[in-house]
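Peer 1: Listed here are the chains, written in short residue letters.
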Amino acid sequence: MTFLSLLWLIPLLPLIGFVINGLAGKRFMPRGLVALVGCGAVLGSFLISAGAVLELTDREGLTDLLRTGAADSHLRADPPETGLGVVIGPAEPGDKLMVDPSIPRVRQNQWSWIAVGDLTVRWGYTLDPLSALMLLIVTGVGLLIHVYSVGYMAHDEGFARFFAYLNLFMAMMLVLVLADNFLVLFVGWEGVGLCSYLLIGFNYRDMFDPDRNMSCADAGRKAFIMNRIGDFGFMLGMLLILVSFGSLDFVAVFARVLEATQTPGGQGLLTAIALLLFLGATGKSAQIPLYVWLPDAMAGPTPVSALIHAATMVTAGVYMLCRCAALFVHAPVALATVAVVGAATALLAGLIACTQHDIKKILAYSTVSQLGYMFLAAGVGAFSFAIFHVMTHAFFKALLFLGAGAVIHALSGEQDIRRMGRLRGALPWTFVTVFVAALALSGVPPFAGFFSKDSILAAAFFEEPVLWGVGAVTAGLTAFYIWRLVYKTFLSTDRVHEEVRSHLHEAPWSMRAPLVILAMLAAVGGFLGVPEFLAHLLHLPAETLPHFLEPVFREAGVAGGGLGALGHATGPGHAVPSEASEWTLLAASVIIALFGIGVAHFFYSGTGERPRRLAAIMGALYDLVLNRFWVDELYEAAILRPFRFLCRAADAVDRFVVDLAVNATAIVTEIAGHVLKLFQTGAVRSYALSFFVGAVALLAWLVLG
Amino acid sequence: MTGIVITGADWAMLGPLLTLAGAACVLLLVAGTGARRGRVPHVLALAGLGAAMGSLAAVARGASQVSTFGGMLVMDRPAVFMSAIVLAAALLGVLLSRQYLERAPAPAAEYLALLLLAALGMLVMAATNNLLVMFVGLEVLSVALYVLAGITRDWSRSLEAAMKYFLLGAFSTGFILYGMAFLYGATGTLDLMAMGRSVRDLTGAQGESGAAVMLLAGLGLMIIGLAFKVAAVPFHWWAPDVYEGSPTPVTAFMAVGTKGVAFLALIRVVTVAFGDALVPRWTVVLGVLALLSMVVGNLVALTQRNVKRLLAYSSVAHAGYLLVAVAAGSDLGTSALLFYFASYLLTTLGAFGIAGLVAETTPSGDEGYGLLRYAGLSRSHPALALAMAVFMVSLIGVPPTSGFVGKYFIFQAAVARAMEGSTLFLVLAVVGILTSVVSAAYYLRVIVTMYMQEPDGEPLVVRADLNSSVAVTAAVVGILALGLFPSPLYDLTRNLHSALQALAVLLTG
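Heads up: the protein sequence lines correspond to chains Z and B, in order.
Adding 152 to a residue's 1-based position in the first sequence gives its number in my numbering.
Counting from 1, position 321 in the second sequence corresponds to residue 317 in my numbering; the numbering is continuous, with no gaps.
Think of the hints as simulated: they come from the structure by calculation, not from any bench.
Since this is a predicted model, take the numbers as computed values, not measurements.
Check each hint, because a few of them may be wrong.
[What the hints assert, rightly or not] Distance condition first, Cα-Cα at most 20 Å in a straight line; then the derived SDA-like pairs of lysine to any residue:
(1) Z:LYS178 / B:ARG375
(2) Z:LYS178 / Z:ILE168
(3) Z:LYS178 / Z:LEU188
(4) Z:LYS178 / Z:LEU167
(5) Z:LYS178 / B:LEU274
(6) Z:LYS178 / B:PRO378
(7) Z:LYS178 / B:LEU382
(8) Z:LYS178 / B:LEU456
(9) Z:LYS178 / B:VAL1
(10) Z:LYS178 / Z:GLY192
(11) Z:LYS178 / Z:SER367
(12) Z:LYS178 / B:ALA379
(13) Z:LYS178 / Z:ALA306
(14) Z:LYS178 / Z:ASN355
(15) Z:LYS178 / Z:ASP308
[What the hints assert, rightly or not] Residues from chain Z that keep clear of chain B, each with C-beta distances beyond 12 Å, as calculated:
(16) VAL273
(17) ALA306
(18) LEU335
(19) VAL339
(20) ARG380
(21) LEU391
(22) THR489
(23) HIS688
(24) PRO693
(25) ASP784
(26) ALA847
Positions of the beta carbon are idealized from the N, C-alpha and C atoms, including for glycine.
Take the sequences, apply the hints, and build the full model.
Peer 2: This is the structure in structure tokens:
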């Protein structure tokens, strides 16, 4: 069990990479060495993760470990019912493992972090199927994007800084994924937010959006503030958990949820906790009402958009929600909120994506929309499908971003799809890989997105057909906007500037290789979740991934991960899905996807006259969508401006008092000679007034109240 | 008649105080010689502080007896803990002063002697249960700090700060003294433990009689005076000007030391003298002060463009968080307060230290606190910028820094009270979290400026000598160490509230 005991190294390696590149990278290291350290650290994490996950799935090995380990005081069984009851002393890194082969789950205790009263919060890591899958996604996709960045950032003067931030991000993300309790999760949660913000503002000198007078640094700040609003919810939720369960440990808290539902007021408490946590998730995962930061986060370099704002960090909200499945299944109101917010976000962002012209912004709104799908899945109790979609989305969306990066790279920084076109010949590798990703995103079988999206839609249908309707419409929009992008970028008429076209070049191999690998994953990744009835027909393993994740959600009280068990989470009374209905839904999905692609073909394969006519017909409606429903402006006017005014007012009042105090000081110095005069100056009266009001109020309350 | 017999153990408990006083005297003697500037006074001051720390450690270790001179000097655990904080603040302050004194038109030996005397006053104030001794300590530290604030006489801003600090400080001292007089009038004693007994009798037997009114008036006046000293809203407005004008190392030392001992004095008065009596009254008062400080401090800090003023308002806000811990009036609250101070010591000294170094690059020395001067610092001085970023992140309360752990402790104390059914503490916890979310915006602005803004002209060339580097590095390492491994320090602060209360009960019973 060598790798399992090395869990602690997984976040530590990138952290070391950060320290080396951050301190010595710029001055003392050649670029090659910086890249080697940056990528090597992530490669190390990936290898350890892969090894650990292999060992985790070896159930017999784990049982053996438990048996032989019984003599070894470092190892002990971890029966869920006792939770934290197991006595844990201060530990050396890596020397305490708690094994539960039934899940399977391995928990590693690093040290007891914060101990107050009888509450001890340990710095500990958990490896179970859920974190295992996330671990592989984060380190795997992360590694590919690191390699890609070597080529993409080759000419950037901030090369070492970039890799340092990227490694720091990886370390924080891995802490988040591996966390054993809410507080350690929060460390990662805040950490990735901070890194995301540093990386969005990486090109701080540049204007990001001249129309709105927004610099990259502004975009970074916006992301951070939106995230802080979410964090506020998350922190309050955490506080409520601490208060009501007396622990922050995942296992211990979740073991007591059922008990809590039976206490008076317990239901309301759980709902409040779940809603607060979900508020945190809407910040991190860009859902209504906090989604507006993600499109602006595109100010960051493209690999950052791929890694942080598509594949990993933005899915942290989904991951956290699935991790807390045990809480959410007992808070039906919260769960329904999650589903509705997810569906609404999916639709809204899908609509906006259809009208944007910036290639990265289209992808950003697409990400918001796809994240909406994931929340929809979680909201209808299909947690394993949510995670399945996290995985497939990580593959194809990272690929789309990297492909977009290759296009931008080739076009010397151009991001507007109105000034692209017919790039297929010049960028064959990019074209083919993006083509695959677009197929996957739009849900064309047998590409990855088809399976995950279809599962989610089916789950939504059996829970609430209206949600399916919203999801299906969004699916059509998705197919439309992504093929609009593909047509306008790679096919259709050539609108590239002469000068730019003369410099056109395909990306170097360091960028091409990750594209190819991700394209393969986006093509076949879906086969990890082939629905039962289809698998039976095609003689494929059925629902591999949901089955892998199932024990985690079963423990959480969610009945099963597959379609067959749906609905049990939120109560009985659901029809058991029949094979015929599943076939119907599947057919509908395919038709919708093809229809969306067809519409895109109709509009964008030609000269571009048709979309203009459509926009003219739609008129104000088109403008509304084009301007993102004016949500940014609304927030600015309704929230930010009044808040800034409040701050300035507070400052003005404060200054006023200070000024009075200053005047008074000048006068008080003359007390000796001018005692009488003193009482004639207005300044002193006001000064005395401001002070005595405070003092008198305080005394009056104390003595009389 | 039995005279007071002074044993060796009594002298040992005086050790830290005597050491500081001795070192200050030596420094004053040196001031008369040719070695008044340069290395000699500096080394002397460091040696004095080191010896005081060693002596304090000996007191803490040998603690068979905690009180001496008839209860005038009490070296209990809170006193030892706060004294350690004060000495650490003084040590970091002296380290940061070396560079300052090379340039500033200030006499080094006198400056350092005054700094040690201020620390002496703080130790006296921390280590007593007698109001009169507390007042003596307060005056020693205040007078020394008044002079220190204006020690660079040629810089008008410094002089203005000293003047303001003196006048307003005297004002607040008046309140404290007046409050003490009321308490004495009501109870006939200045000893907090004896006072505790009287308070019980007064409030227990007759309900709220005239004496109780006097008690409350006394308590209220003392709270006002101490709220002045800790710069809590609405008694805070001297702080930004004084913080801005004073020599930066002094500002940092003052912000931590004065605040620390004033908070400890407040805790002693409300727990030892008042015990369980009248708790709802003073809890609400402190809660409201906390609320105002958190809200006003953070909101006004958002508009500041001068780093020193920004830090001043930030310290107003942090006084609010600390007041929540005091108001909680529980073991958790007192532990949280003391731990928070350890963290606050490191972040404040570190942040002001760097502010001082950056300000030095201007010719006049006291004008260089504009936020824009930090533009591009991350490229010209990556290590310095990283350290400043760590301080800011800790002030926001982002894990895994000590600032996060400290806030966690405070909010936990508040929530524990909220669970007992107190709406006030629920509000305090929520507002505390909300305002610390808001506070991220202005701390972040410092990071943004350092990392994402281009300097107007040439990048700054900041010089940091060995002393300053040691101080800043120690602060960064301490913040991360306390953030990741808070337990050893936290364990020292356990059950202090009960211990203080038990003291009063013991005497009462």
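Peer 1: Below or equal to 20 Å on CA atoms is what counts here, so check LYS178 of chain Z against GLY192 of chain Z.
Peer 2: The hint holds at about 18 Å.
Peer 1: Would you mind confirming whether the straight-line C-alpha gap from LYS178 of chain Z to LEU188 of chain Z stays at or under 20 Å?
Peer 2: 14 Å, holds
Peer 1: Minimum Cβ separation between THR489 of chain Z and chain B greater than 12 Å?
Peer 2: THR489 of chain Z is indeed farther than 12 Å from all Cβ atoms of chain B, at 21 Å.
Peer 1: With the threshold set at 20 Å, check whether the alpha-carbon distance from LYS178 of chain Z to ASP308 of chain Z stays at or below it.
Peer 2: At roughly 12 Å apart (the allowed maximum being 20 Å), ASP308 of chain Z and LYS178 of chain Z satisfy the hint.
Peer 1: LYS178 of chain Z and VAL1 of chain B: Cα distance at most 20 Å?
Peer 2: 67 Å, violated
Peer 1: Hint check: LYS178 of chain Z vs ALA306 of chain Z, CA-CA at most 20 Å. Holds or violated?
Peer 2: Measuring from Cα to Cα gives roughly 14 Å; hence the hint holds.
Peer 1: Over 12 Å to the closest beta carbon of chain B is the bar; see if ALA847 of chain Z clears it.
Peer 2: 5 Å, violated
Peer 1: Need the status of pair LYS178 of chain Z, ILE168 of chain Z: alpha-carbon distance at most 20 Å?
Peer 2: 16 Å, holds
Peer 1: Does PRO693 of chain Z sit more than 12 Å from chain B, CB to CB?
Peer 2: PRO693 of chain Z is indeed farther than 12 Å from all Cβ atoms of chain B, at 41 Å.
Peer 1: Need the status of pair LYS178 of chain Z, SER367 of chain Z: alpha-carbon distance at most 20 Å?
Peer 2: 25 Å, violated
Peer 1: Sort out whether ALA379 of chain B lies within 20 Å of LYS178 of chain Z, counting only the CA atoms.
Peer 2: 12 Å, holds
Peer 1: Could you let me know if the closest chain B CB is still more than 12 Å away from the CB of ALA306 of chain Z?
Peer 2: With a cut-off of 12 Å, ALA306 of chain Z remains clear of chain B, as the shortest Cβ separation is near 20 Å.
In summary, the numbered hints that this structure violates are 5, 9, 11, 16, 18, 19, 20, 21 and 26.
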